[in-house]
Structures are given as C-alpha cells and as structure tokens.
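Visitor: Construct all of the structure, not just a fragment, from the sequences and the given hints.
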Amino acid sequence: KAGVTQTPRYLIKTRGQQVTLSCSPISGHRSVSWYQQTPGQGLQFLFEYFSETQRNKGNFPGRFSGRQFSNSRSEMNVSTLELGDSALYLCASSLRGWQETQYFGPGTRLLVL
Amino acid sequence: TQLLEQSPQFLSIQEGENLTVYCNSSSVFSSLQWYRQEPGEGPVLLVTVVTGGEVKKLKRLTFQFGDARKDSSLHITAAQPGDTGLYLCAGEPNFGNEKLTFGTGTRLTIIP
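Chains A and B supply the protein sequences, listed in that same order.
Reading the first sequence from the start, the letters are residues 1 to 113 in our numbering.
Reading the second sequence from the start, the letters are residues 1 to 112 in our numbering.
Derived from the structure by calculation, the hints contain no laboratory data.
Keep in mind the model is a prediction, meaning the values are calculated, not measured.
One thing to keep in mind: the hints can contain errors.
[Unchecked claim] Using 20 Å as the maximum straight-line C-alpha spacing, the simulated EDC-like pairs for lysine to aspartate or glutamate come out as follows:
#, chain 1, residue 1, chain 2, residue 2
1, B, K70, A, E100
2, B, K56, A, E100
3, B, K99, A, E52
4, B, K59, B, E38
5, B, K59, B, E15
6, A, K57, B, E98
7, B, K56, B, D67
8, B, K70, B, E92
9, B, K57, B, D67
10, A, K57, B, E92
11, B, K99, A, E100
12, B, K56, B, D71
13, B, K56, B, D83
[Claimed, not checked] Heads up, incomplete: computed chain B residues facing chain A, CB under 8 Å, no partners named:
#, residue
14, E41
15, P43
16, E92
17, E98
[As the list claims (entries may be wrong)] If you want the ones that stay clear, here's a sample from chain B, every Cβ over 12 Å from chain A, calculated:
#, residue
18, S12
19, I13
20, E17
21, N18
22, Y22
23, P81
Glycine included, C-beta positions come from ideal geometry on N, C-alpha and C.
Guide: As structure tokens, this is what we get:
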C-alpha cells in the first residue's frame, strides 16, 4: 500500500506571498492532519480534516487554512507569508482521526525569505 | 493539556554503545507510540505499546510502557550510525476528543 505523499518537497517564497501544499493520504484513510515542525517549537498540530470537514484545529492564525476533497486528498494554504512560517510542514493520515497513530508523509520544506 | 517530556533532549554517543531515551508524563495514555525521523523526512512509526508494563523488541531496540501507562522508555543496544535521528514518543489519549500528544523529541547522533 502506498504511503502518504506530499508535494512539493521544497518551496522558497518571499514575505507576503501565499502558498498551497498538497497531501495524498494512504488509501482508505479518511483523516488527514497537518503539522508544522520547527527546531524551536517541535511538532505543532495545525488542523485535522475528516470526510471533507475540518474537525479539529490547533492554535494557529487564520492565515493557515486547509481543505479536503472527496477522495481524501488535502491541501493546506498559508496566506501573507511571514519569515516565521519557515518550517517543515507534515501531513499525516489515519483511519479514524487525530487521536490515533499518525502515518506521516515526507513533508514540504518551506523557506520564506 | 497533556504533555510528554522526553530526555535527554540531545544525545551523542559512539557506535557500539548502549543508550536509553525516556518519555514521561503526568497523564495516562491508552497507548504510546515511538517514531524515528531522519533529516528532511517525516516521522516513521517504530512501535506501539498498549498494555501497562508491556515490553516490545525490534531487533536492537527495546520499548517499554510504564505500569501506570504514563511513561515509556526506548533502549538501544550496540548503537549503529543508522540509528541516528530524532526520536519522538506520542501518546494516544485515554478518553474524549483529544489529539495524539507528541513528545519534545530526542535527537540522537551515533558517531562511527
């Protein structure tokens, strides 16, 4: 069974721009969660989608948004990028939701200049 | 809010040595998972422990879940350079609609 895939793997943007990241979960997994990972803050939960609905949300500003499609694929959008948004963005999928084992993709490394 | 503290935060040892990494909390978890993350990649699940006192072995890695299901340890025997990475523990909540709680991480470097 194919794992979680994320595109693009690397991205360089400038302040003020917006970015869209994509994630394809493991086949059959309906829950997709997004995490931000930085050296200083560790792994921070952004939000979880299940059956096209945002079910849980972390403590991030409204510039961070997402959506999930009927095939469970998910996208994450960050608008008005700030230097502090530079991070590894990880997508994870699971069968039931954010409370259980997460299967991670390789991540998208975002650098904001 | 449930917290998982890992220690040590950083560990650098010679190839062939043994080491133990700890994951501690004041909260009870229904299960606990260990992940390893290599630079530039996502975390990969190593093991899940479910029962208090449970011990699981994965080749040279031994995982133990505390009797009270509040803590866990990872012991590596005869460490190899391929063991280098960030080790994360994660606790599945015991009740309610709570998210999987990730630990603070232990960055392990094995020196050849």
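Visitor: Would you mind marking each hint as holding or not holding in the structure?
Guide: We went through each hint and held it up to the structure:
1. K70(B) with E100(A): holds, 17 Å
2. K56(B) with E100(A): Judged against 20 Å, a Cα distance of about 19 Å means the pair holds.
3. K99(B) with E52(A): Distance of about 18 Å is within 20 Å: holds.
4. K59(B) with E38(B): holds, 19 Å
5. K59(B) with E15(B): Holds, because 16 Å separates the two Cα atoms, which is no more than 20 Å.
6. K57(A) with E98(B): OK: K57(A) and E98(B) at ~11 Å, within 20 Å.
7. K56(B) with D67(B): holds, 14 Å
8. K70(B) with E92(B): holds, 11 Å
9. K57(B) with D67(B): Answer holds: K57(B) to D67(B) is near 17 Å, not above 20 Å.
10. K57(A) with E92(B): Since the Cα atoms of K57(A) and E92(B) sit roughly 17 Å apart, the hinted pair holds (cutoff 20 Å).
11. K99(B) with E100(A): holds, 8 Å
12. K56(B) with D71(B): Distance ~14 Å between K56(B) and D71(B) Cα, so the pair holds.
13. K56(B) with D83(B): Roughly 17 Å between the alpha carbons, so the hint for K56(B) and D83(B) holds.
14. E41: holds, 5 Å
15. P43: This hint holds: P43(B) lies near chain A, its Cβ roughly 5 Å from the closest one there, short of 8 Å.
16. E92: Because about 6 Å separates E92(B) from the closest Cβ in chain A, which is inside the 8 Å limit, the hint holds.
17. E98: holds, 6 Å
18. S12: Consistent with the label, S12(B) stays out of reach of chain A, its closest Cβ about 17 Å off (over 12 Å).
19. I13: holds, 21 Å
20. E17: Per Cβ check, E17(B) is outside 12 Å of chain A; nearest 25 Å; holds.
21. N18: Non-interface label stands for N18(B): nearest chain A Cβ at 26 Å, farther than 12 Å.
22. Y22: holds, 16 Å
23. P81: holds, 21 Å
When each numbered hint is compared with the structure, no violation occurs for any of them.
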